[in-house]
Structures are given as C-alpha cells and as structure tokens.
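**Q** Chains A and B supply the protein sequences, listed in that same order. Take the first sequence: its position 208, counted from the start at 1, is 208 in UniProt numbering, and no numbers get skipped. Take the second sequence: its position 372, counted from the start at 1, is 372 in UniProt numbering, and no numbers get skipped.
Errors might be hidden in some of the hints.
Where chains are identical, the list cannot tell them apart; a pair therefore holds if satisfied intra-copy or between any two copies.
Said to hold, decoys possible - For lysine-lysine, the following PhoX-like pairs were computed, each having C-alpha atoms within a straight-line distance of at most 25 Å:
1. K27 <-> K97
2. K354 <-> K197
3. K307 <-> K354
4. K97 <-> K675
5. K169 <-> K180
6. K393 <-> K169
Keep in mind that the hints were calculated from the coordinates and are not lab data.
The chain contents come next:
There are 2 protein chains.
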Amino acid sequence: MSTMSSPKPQEGVCGLAEVMGPESWSKVSCPCCISAQVEPLVLIQLAEDVQPNTKQWIMSMISAPQESGGAGLLAHPGEDASWGRIVVAAPRCTLLKVTEDLGLCKADKDGNMITFSFNDRDKFSNIDDMEKFLTLAERQYVVKCGLESMRATKDLRIPGVSGDKGVLKSRQSIFQKLQKAKLILDVFPLRHERKLKTLGQEWYSQKSLWGQPLDRIHAYFGGSIAFYFSFLDFYTWALVPPAVVGLFITFFLPRWGSPDVDKITIPDLVNKSVSQDVDGDQLSVSGLMVQAVFSMIWSTVFMELWKRRSAALSYRWGCITLTERFQEPRPGFTGVQGINPVTGRLEPLFPDWKRQMRVGLVSVPVVLLFLGLVVLGMLGFYYFEAIMSSYHKATGSIITATLSYLPSVAHIIYTNILGNAYRNVAQRLTDYENHREESSYQNHHTTKVLVFTFFNNFAVLFHIAFYKQDLNLVRKRLSSLLILSQIVNQFTEVFVPYIVDRFYSSPEKELKEDDPEADHLQAEGSLPAFPGLFAEYIELLVQFGYLSLFSCVYPLTAVLLLLNNITEIRGDAYKICRLFRKPFSPPETGMGVWQAAFELLGFVSVVSNCWLLLLAPRVKAFTQDAGLSPAAVLVYAILVEHALIIIKLILAFMIPDEPDWVRIKREQIEYRSMKAVSQQKVKRVPTSELLPLKS
Amino acid sequence: MSTMSSPKPQEGVCGLAEVMGPESWSKVSCPCCISAQVEPLVLIQLAEDVQPNTKQWIMSMISAPQESGGAGLLAHPGEDASWGRIVVAAPRCTLLKVTEDLGLCKADKDGNMITFSFNDRDKFSNIDDMEKFLTLAERQYVVKCGLESMRATKDLRIPGVSGDKGVLKSRQSIFQKLQKAKLILDVFPLRHERKLKTLGQEWYSQKSLWGQPLDRIHAYFGGSIAFYFSFLDFYTWALVPPAVVGLFITFFLPRWGSPDVDKITIPDLVNKSVSQDVDGDQLSVSGLMVQAVFSMIWSTVFMELWKRRSAALSYRWGCITLTERFQEPRPGFTGVQGINPVTGRLEPLFPDWKRQMRVGLVSVPVVLLFLGLVVLGMLGFYYFEAIMSSYHKATGSIITATLSYLPSVAHIIYTNILGNAYRNVAQRLTDYENHREESSYQNHHTTKVLVFTFFNNFAVLFHIAFYKQDLNLVRKRLSSLLILSQIVNQFTEVFVPYIVDRFYSSPEKELKEDDPEADHLQAEGSLPAFPGLFAEYIELLVQFGYLSLFSCVYPLTAVLLLLNNITEIRGDAYKICRLFRKPFSPPETGMGVWQAAFELLGFVSVVSNCWLLLLAPRVKAFTQDAGLSPAAVLVYAILVEHALIIIKLILAFMIPDEPDWVRIKREQIEYRSMKAVSQQKVKRVPTSELLPLKS
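Using the sequences provided together with the hints, build the complete structure.
**A** Dropping the structure here:
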C-alpha cells in the first residue's frame, strides 16, 4: 500500500499551476485529458540563441500526438521573463499509455498489483486521479520517455536553425538531435517544494533516527534512488550483529580466551622463534575462528535476506514486470536503420558480434592498462614505505612515526585521482560499445568500474596480506583507510556542498518560500545536477569489501562502518533533497549488477578469510605447537575452505530469493497473462515486417 | 522443420482402425470432431473381474465432456475376444485444447513456432490434420492427460463395485482411484508397427552408423526420450577430442616428452628416494598437465554447447513455453481441498513448510543412513583387499593375482545391490514428500538418487586417491570398473532381454506382420514396461564422472567410453523399440536436473584433477627436484585450482546458453504474449475465488 502523500489534486508542482492556467498550455484533443488544472512536471532549458520559430516548432512537436512522431505531451512557453524555457506536462492518456509500455504494475480495485493495461484501465483503482495513480517520480519519468520517443517522420529541417545542426533524417531521435546541437541545454524534473519539505522532515531531521520513509522516497524520487536507500537502510541494520561480535571479540574474548590457549601453548613455546609474533596479535585463535566463520555466514544470510526484501519492494512498487527490452532503444544507441526481428519496429540495428569485438579489442585492453597503472602505484607505495620505515627506525621520533603514515596517505590520494580518470574512460568506452538497452549499458559500465575499484582498493591489502604476510601492516592500513576515507567522503560529499549551498547560493535560497515562479525555476536550474548513485554504491561495496574480506584481521571494522552508515544515510538524504537538482529515476526491479557484485565479494571473502586465518601469528603458533607440518596445515585449510564454500552455496540455495507471498502474486500475474493470450485472437504482426530468420 | 513421417491420414495405429470402424466408438457431439476414421491411441487394461456395468461407466466417463468431469475422449470396448480392454482415441477439439493447456508451441503458417492458442487455431499450419499437427507421442500424451484429469463432480459410487473400493468423493481423481482399486491394471500407448519399423531401420540397423533420426524419435517416442538420445548422441561425439588426446598422451607423449623432463631431473635425482616411484607412473609431467587442463576446458565447453543444442531442440520441438505449474497437480499429489491462490481452481492444497519438514526430518536422515552403509561397504572392501594382497605377496602365483581382483568385484556387486534397494526407498520418500508438480517430484527423486550414486561410485576412488594416495590402485580400480561395468551393463540391458525376446516370447513374435488385431494387442500387453530413463542417465553420469574426475590418472578412459557409447546408442535404441512396451513421454524443455548434475560434476572435476596431479609421483619428483617445499607446492596448487575455477566460470559465462536465433524466436513469443495482454480486456478471475493474501 503506497503511503504516498496526496495533496489536493489541483495543487501541482510548486504551486506553478496557479500561475500557468490551462489557457497558456498547448491544447489537448482527447476529451478525457481535458482538465481544469495542468501539473507542470519537467523543465526544458533552451540555449539563449534559440529563435522564436524554433521554440515554437519544439513546442508543437512536444504536443503533437505520438503517431505523428511527437511526444503527446503538453507544452507551456514559460513566463515572459524566462524566454529560454519550456515547461512540460502530461495529459492523462499519454501517462496511461506510457505506463503500459513500461510494463508497470498498478493496484487493481482489489488491491492486487497487476500489469497495467490501457484497454482494461477501468479495473485499476485511482484511475481517475493521475496524482494518486502514478507517483510524482513516475509522472516525470513518463514525460522523459515521451520526450525521448520523439522521432522525425521524414527528412526535415528544424525551423530557424541553419547548417547541419538543423538537418533531421527520417526516424532520427529529435530530442537527441536537439541536445547534440546544443539547442536544448538541460532537462530536469521540477521539484515539489512542499512535498520535499515534508519528506525531508521525516527523513533527515531529528524526529526519526531509526528507519527511513521508503515509500515516500519512492513516490518523490523514484525507483533507483528508493532502492539505493532501501539497501543502505537494510545494510546498516545488518551491520549490528557483526559490530556486536566485533566488540565482543576485541574487548572480551582475548582476556577470557587467552589463558585457555596459553595454557596449552606457552610451555612448549617459550623459546621458539614464534613467540615474538604473538605479541603483535590481539586475538586468540578461537576469536579469529569465530570471527571468520561468523563473517562468512553473516554475508551469505545478509545477501539472501536482502534479495527477499528487494523482491518484496519490487512488488510493492509495481516493478516486477518491466519490459525494457521490448521498448525503443536508448537514445545514445546508433546503428543502421532496419526492422527489429522481435517487435517488428523500424529502429537502428547493431549486430551483437560488432559489440563483442569492441568489448574484446578495445575495452578489455584499456581496462588492463589502467590496472597496470594501479600496480605501478602500488610499487611506488612500497618503495616509499620502505624508505620511511627505515628512516623511522634510524631516528625513532614522534615526527617520523607520523611521517610513516605519509606513503599510505599519498597512495590513497593517487588511487583516488586514478579512479576519477578511469571513471571518465569507462563511460566513453561503454558509450562506444553501443548498447541497445539502458540496463545493458549500465551493467557494462558498472562492471568496468567495479573491476578497477576492486583492484584499486584491495590490491595493496591483498599484496600485504598474502605476499608480504604482514598482518600488522594490513591492520594499520585498514584502520587508516576506514577512518580516512570516511572523513574524506563525509567532507567532500556533504560538508563542502553544504557550505557552498549555505553561503554562496544564498540570494536564490532566500526566495524559496513565496517568491514568483520564474525565480523559483531560476533557483532550481542553478543547482548542480545530481551525480548519480554510482559513487554511493561503490562506497558501500568497498566498505563491504573491507568488512568481509579482512574482518578477521580487524574486527572493529563493522563498528566503524555502522557509525559511518548512520551518518551516511542522513548525509545522502540531505544531499539529494537540498543540494542537487532533482534527478530522473527510472522504475527498477532491484539493484541490478550491484547485487551480483556484492554476492561475488561474499565468495571471495570466504577464500580470503580462510587464508588470512592461516597467516595469523597465533594460529601459526598454535599449529606449530600441535606438531603439524606447514603442508598438513595447508591441507586442513584447503578442506575448511572448500567446506565453507559448499556451506555457503547450500545456505544461499536453501533461502528462497523471494517471499512466498510475492511468488504467489507474481504467478498470479503470469497466469493472468497466459489466460489473456489464449482467450483472444492475437493481433498478428504482419509477416512482411518480420525479417526472415534461420529456423 | 519436423521430419515426421506422414502416412496416409486414415491409416491409424497398427492398422487397428480398419477393424474398429467409427460405429463402435463412443459418439462425438462436436461437429468438427466427427471424422470417417478414428485413430486408436492408448489401451487400458482392465482387471478380469470387472463387471460389465463398471466397464460401461468407465467408458462413459472417458467420453463425457471435460466440463462434467470426464476426459472428453473416445472409447472403444475392444473386440469380443478381448473383454478386459478399452481402446481410447481423442477427438480433434480435445487434442487442441489439451495442447493449449500444456503450453506447447506449434508452427504457424509462416513456419514460426508460437504458443498454441485454441481460439486462434486457424493461424497454425496442418490444423486440419491432427496426424500432422501433433506427433504420435503428443497425441498419446494428450490422451494420458485427459484420462488423468477425470474428476468426480460429486460424491458417488462406481457402478458394479462394492465396498470402499467403489466410493468416489467429490473432486477425487477418478483414474487414480480406478488404478488404486486395481480395476485398471495398466495403461499404455499403442505401438505403430510400420512407423516403428521404419524408425528402427534408420536408427539401429547397419545403414546409419553416424547420427540418429532425432526428429523421428521425438515424433514417435516423445520429448523426454528424444532428449535422452540427443544428449547421448551429442556426448558421444564430444568424446572424440578427449579420446584423441588420451591416445596421444598415452602412446606418444611419454617417449617424446620424457627425455626433455629427464634432462632436467635425472642428474639431481639419481640417488633420491623418489626415483623408484617414477617407474610406476606412465605419464610425463607435461602429459599430466595437458590432460588436466584439457579435461577442464573440455567439460566446460561440452556442457555449454549442449545447453545451446538443447535450447535449439526445445524450440524445434515446441517446448519452450510449457506451463506445468499452472496445470492440475500430478495425480499422486494429496492434500486438503482448497482454492489455488494462483489459478483460482479448486484442488488439493499442501503447505510448503510441511513438505520441507518431511524433507528435512525424514528424507535427509534416511539418505544419510544409506550413505553410512556405503562407507561400511568401503571398509569391508579395504579389509579384504589388504588380506588378499598380503596373501598374493606371500604366494605370488597367477591364481592369487587373479584373486586380488576379487574384493573389487565383490564390492562392485555390493554397491549394485545397495543401489537397487536405495532406488526403491528414494521413490517412497519422494512420494511421501508429496510434490505438486511432476518436475519437482522428479527433481527431488533424482537428487536423492544422485547423491547416493555419487557416493556409491566415487567414495572408494576418492578414498584411494586422496587418503591412501595410491594412484596405481586408482588406475587398477578405474580400469576394472570401466571394463567390468560396461560388460555387465551391456549384458543385463541388451543381451538378456534380447535372448528372452528371441526364444521365449516367440509365439507372439511370429504374429507381428499380419495377424488379427486382438492378438496384436495381446502381444503388446505382454511386453515388459519400459523401466524409464533414470538408469540410463545415471550410467552416463557415472561415466562422465570417471572421465572428468580421474582422467589424468587414466587417460584412456575417454577411448573406452567412446567405444561403449557407440554400442550403447544402438543397444538402447533396440531395447526401446523392440524389447519394451512403448512408454508415455511428456514434452520437456531439456534434461532438467540432470543438466545441473553434469555441471556440478564439472566443477568437482577441476578440484579433483588439481589435487590428483599433485599426488602423481612424477610431479612429486619434479617439484622436489625444483627445490620446492611441500607447503610451497600446495600454495601453487591452490592458486592453480582457484585460477582454473575462475577460468571455468568465465568460459561458462561467455558462451551464451541459447543460440541467437532461438533467443530471437523466444523473445518474439514473449513480445506477442505481452501485446495480447494489453490489446484486450482480461477476463477477470472472480475475486471471491481468490484467497485473501498478505500484501
């Protein structure tokens, strides 16, 4: 049940509707779409040099019906004072038709979420009130889809634009052309100040320390953002058990556990070379074991439970039957015009093998080059680390002790810079790969950045742990990474923008409560664009990596992360509400490729923890004392590792990926659609439109 | 394109139609189903003590329409001489409706396979000729579905049957009741002698040594059997590369490879304790490496290519949109009558948690008990093996050398007996678990038997290889297993039934060409029932296990298996055509759980081969010579193992599971069904029929 707040239907976004009466909007032909009030949803920012007839033409295309290449939306020329703007709204029919095209589910009169069907619309609840039927984020996303679907029906020239900039070929995407020709500078969804204020109060003010208003976040910001915050919320709660275990192991187990271990080991151990190693290690053997096994089970159960939660949210938000692959290709997709063999539509086609060639022959080598740069950075780090530590040993003052952290700091900065450069390269490479679907684009892009980030963040730690086998250095580095990166992140993500927001953009800020609408839009346009969730997810993934890969070295990791996340939630919430322009956020089924990344890390962590355990000095001492040869210890470790992986797989298999009630609801939808197919004559796609296929 | 042979439409199965004119068949009400000739498809064998009015009632239920609890089929009382038989045929409408219920795909007029829809039937090719539209196996399976769907519409008593045997409760399955009450003894599809003869000629006679007529097998025998033979065919061809590599390694590499290795090793090795081990080993280090890596890549590529082949066959045979979970539960399923929340139909319901309890608290302990018996057998084997070998050492004659094989032989027999007992137990346990869908039943059953078979066949080999570390014994045992089990299998599977068929059932055999129909049916009923594909798949899986798990110990495995499979194909084909009654075979999407089992074995094989390699004497000598400590060697082995698993995963991920053209066809079907949903008003399932669900 959506807890979406419902203002009086006619209020509209930021009260703009009061000023923009229906008379200035483009006219609607469809009788059901005529309404007393129009809700402005999206703002298009034109370039300053756009001619009046160009603006007129763009507006006419926006309001032209979809059959004739238009967007089927409503356009408003903006106020006199704000020449370069078009405000866009959506009539009821377009909203409903695009909802069907997206494959969204909506509640029927019985409260079941079923795939929306335009012909069958009377069956759905709230069908007469678009502000209740669709969330604000969905309405705005529909407008975006409408704008992106505009296509030239024949070769034509954009009025008032000379040269190549104005030439449109048949079937070319109009909106993309206008953006490339720099006629349209920007498109963004409009804020709804009152809703945003209510949301903010619930979200990041003092009132609610626990829990986030996820349904309202989904209603206002949309699917992908709501999923990020749901995951952040779930993850933060999930950190409580490892934090408690970490605290317990660090502060109770050594005192409680060591005498027991010492009783066995110390007598035989006194004059062996191992004894000095034991001093450096804070944990008992049993503590390490508990930590490693607990960490493995925790990461598995956490991911499985999140999948169930994710499935439940996906149903609740109507996203279990999305149909992206049957829609038009994403705007950035290029290719030779042809007929799509599946949908029979005329659209650009690009063969799979060409894409695979580009991935294999361009993307992979470039990614490898960057991984080489990471290794180079690592070697540099070791070089300076060695110099510093020998210098510290020679002098031994408190200054050189502080300086011994310098190479670590320098290396962290180097990896950050390299990371930013790589992010740009990854984006361009993925553009060049020319993916048809947005989700495929995102997956390839994310995978590229992930591989690099993983290398960038963990190569050094793995190297120290497994090649140098120096667990003290791992511990030192891990704690400095955790504390430093938290401070840096909080500072760059929240504090700097907050200061900028507070002191530099104050003139516009002051106007927010009851100023003329034009200034409102001005203020909104001047905010920076939201940078996307990529950096946020990466941050969580790297955190999760520190926690699951090296937790048995530094059990307090979870405690630090828990503290970080509690501030992170508020910080991210504040940021997205106040410091950035509202982003478009498509409806989504879940976290996509991030899900896989977290799961993969879970597997790597079993391996990592197993071998880290072997290297712990106490464990070494313990096994030496038990009279085991290094080879025998390794054989046991191999057996334990394989057993743990099998246990992990069995656990993951036993916990179903979706709750029973979601499964039943999903099967109901599938059964209904199966019945629909058999109960009617399917309208046939004319055979002439289908390409001949190998059979 | 189906290559199904098409006899003259009126011919029917075994020419029975000539005798059974339409006048003796039950009458059809539907005008489109009236035809001059009726094709007898299935035979029901009644008990001898069945009363005439009971037979009459059964026949009336078979021919009653489905809406009133009947099967909607045609029944024929059989000839005078054969009282206890009912011959069943299917009218056109029932054939088509059940085809839709099964979710089968059929070729439309353009040759594309699309999900069959009864309302839209005119769009499909061959729709007027049922013998071309559906294969013989499909028509017979439809009759089986029809018979199993008969349900009592109210509480009633079967005429002519006294006591509890005759009481039918409302909604109870009539057919299951009749079988439980021993009124119906047997149901089986009728053979089509002429088709069978043509098929046999193509299949197992001298003409075609290479390849099998898969489409004809599918048309005559049906989905699951066709998939088994397709896999057997594919697997046999896939054995050629490892057989060639195995031959090469065994006969060429040692001579060619050893000097190279010896050049490095021998000088430093002469007076070390390792040198005597080297004699026992036939292979060079490089040969072993090549074999292990090749085996890993081969098993991965083989399974991925089979998935593609399987997807192509599934499309070709119209099985990519089967809808088992929306159909009626399997006949063996029991539960409290209630309303299915997905389909809204009245049917038995059984909660999932109860099934899980039964699996966890009954099935798992019983399976573990049997695994214990396997271990017991293994210990016994070692005990006698030790006695025999000490005895052989003491005397050393050729008789004791032969006797040293005795414990192996005894153990193989023990495991076979245990295996047969376990098979019965597994069946009963799975019955008790009460699965709703046939496929779920099959998966649980298969998994149980697989776990046991794996243990039963490989526990000893693993024990010898990794615990005793005696590779010579592994080699001896593996070759005796391979050769012995092949001889035993061929003997019990083909030779014995052939002899029985040839010499003991000859009187009926002689009649086959042009005898009265009644004798024909008599002869058919006297054949043994087909025992199912279970044993056949298990045999292939165990073979595949020998090959992939231990190939680097005995590289000739693939050669032996290749020889075995070439005879196996002919043997199995002869068996199913001649020695057994024709079985029902449901349409299927692929190999089901067997696919997963083969893939799992692939993963275990990487691990197994890696560690076997370590134990090979030559490798031991090589590493000792290179000055590596056992711990260092283990670390390298761990790295190699993890790297190989990652390579395997990447390979499996890179090869798409279905060919591009199948993906496009499948997406076309999905797109059409999506369009169908949106282009009509869905007939609503009345809300009163749906249970309230948590939302």
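**Q** For each hint, tell me whether it holds in the structure or not.
**A** We went through each hint and held it up to the structure:
1. In this assembly of identical chains, the alpha carbons of K27 and K97 lie at most 25 Å apart only when taken from the same copy (19 Å versus 50 Å across copies).
2. Proximity of K354 to K197 under the C-alpha cut-off of 25 Å is found in neither arrangement, the shortest distances being 49 Å within a copy and 49 Å between copies.
3. For the homomeric pair K307 and K354, the shortest alpha-carbon distance between copies (24 Å) is at most 25 Å, but the shortest distance inside one copy (34 Å) is not.
4. Within a single copy, K97 and K675 get their C-alpha atoms as close as 22 Å, and across copies as close as 13 Å, so both meet the 25 Å cut-off.
5. Taking identical chains as interchangeable, the C-alpha atoms of K169 and K180 lie at most 25 Å apart only when both belong to the same chain, with a minimum of 14 Å there against 73 Å between chains.
6. In this assembly of identical chains, the alpha carbons of K393 and K169 never lie at most 25 Å apart, being 72 Å within a copy and 91 Å across copies at closest.
Against the hints set out earlier in the document, violations occur for numbers 2, 6.
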